[in-house]
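Undergrad: Start from the sequences and build out the full structure, keeping to the hints where you can.
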Amino acid sequence: MTKPKLAYPLIGLGNVYVKQGHHEDAIRAYREAIDIDPDSADSWNGLGNAYVNLGRYEDAIEAYNMSININPKFAYSQNNLGNVYHSLGRFEEAIKAYNKALEIDSKYSEPWHGIGNIYLDVHKYDDAINAYKNRIKLKPNSVNSWHGLGNVYSHKNCEDCDIKALEAYKKAIDIDPSFSPAWNGLGNVYQHKEIYDEAITAFKKAIEIDPKFAAARLSLASCYKKRGQDDRYEEQIKIAHDLMENEIEYNRACFEAISGNKDNALKLLETALKKNQMGPDWASRDPDLEAIRDDPRFESLLKKFPSKYSTSTTQLEFAAD
Amino acid sequence: MVNLEGARVHCIEVSKIEKYYEPIFDLFYKLGIIYYQKNELEKSKEMFRYAVDYKSDSEAINFD
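Heads up: the sequence lines are chains A and B, in that order.
Just so we're aligned, residue 1485 is where the first sequence starts under the numbering used here, counting upward by one.
Just so we're aligned, residue 41 is where the second sequence starts under the numbering used here, counting upward by one.
Calculated directly from the structure, the hints in this document are not laboratory data.
Check before you lean on any hint, since a few could be wrong.
[Stated by the list, open to error] Calculated lysine-lysine pairs in the BS3-like style (CA-CA distance at most 30 Å, straight line):
| no. | chain 1 | residue 1 | chain 2 | residue 2 |
| --- | --- | --- | --- | --- |
| 1 | A | LYS1557 | B | LYS70 |
| 2 | A | LYS1557 | A | LYS1503 |
| 3 | B | LYS78 | A | LYS1689 |
[Unchecked claim] Examples of chain B residues toward chain A, derived with CB under 8 Å:
| no. | residue |
| --- | --- |
| 4 | ARG48 |
| 5 | VAL49 |
| 6 | CYS51 |
| 7 | SER84 |
The beta-carbon is built from N, C-alpha and C at its ideal position, and this holds for glycine as well.
TA: Listed below in structure tokens is the structure:
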């Protein structure tokens, strides 16, 4: 039996451990596979995945680069490398890695999703739309890219964006009715359009699937408040409060705004804008921030953080080839 | 129609009788992959472990 072949079941074992969330065991299995066959691109790629799951991003980059050095045509490792760079906020390097993955395999759809996520993060909405659509063209049932497309249309301010966002979220739900973020997105659009019955139904569905979905509970509370259903508002706010601890500052700002704590909300919103968690364009329209919108500090805060990025359709302008 | 469970049980039986029968390594490995794809992770792990153990045994014979 050849030595590389002996490493195969260890890679398989590592993959099982990753899926089970036993990442330290996975690292041990991949390392053992690498000891047997140091030239296995699969083992290094798997090791990178396990490191990512433990938040060890620099180790993951090293592992993916080992995989790529061994097999420069391994599109999966290039794509995974792109995902790590994205997590670290190193957008240009991420785009470069995604582009390399696409150069290697133009039929591989995943990198387009990563590119879409980055453009959504930097508020280049037209480019994000193109990227998600490219993914969907290659893989029509990509639930996360339909959801991404819904998110872009939700954030982009255009005449028919709400309708397009609804269509995209509904498509994601058709593909996978248990995908709670799409229900939440759907709820947000209805809430923005002040169609509260539909919004409440959608948020309830998101919460039914994922009871710890803090943002959905918060938006549900906001809808109840709008309709004057104070008991239900209080009930949801109480649950949301306990779930808020680990949320990003933007969501906590929404929570404080809905709870009527203007000062805290504005303070958290400033941090969220500094961290680029959300663009000022969405903050200016988000129904969850309605309670602080009339405050003069809100407007001056948004002026302090104008959108850093244009929404032009310039294709991948910060991507090196 | 594939009797996956039957294959799993038979492979384990064979491995007990013919400890160094090389094709069993491939069978365990392939069963590990099939169970993984079916998201039956405990059985997948079991099959991969048999393959890993076979590797250890065969190494002991071939290389020591």
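Undergrad: Check each numbered hint against the structure and report the violated ones by number, ascending.
TA: Hints 4, 5 and 6 not satisfied by this model.
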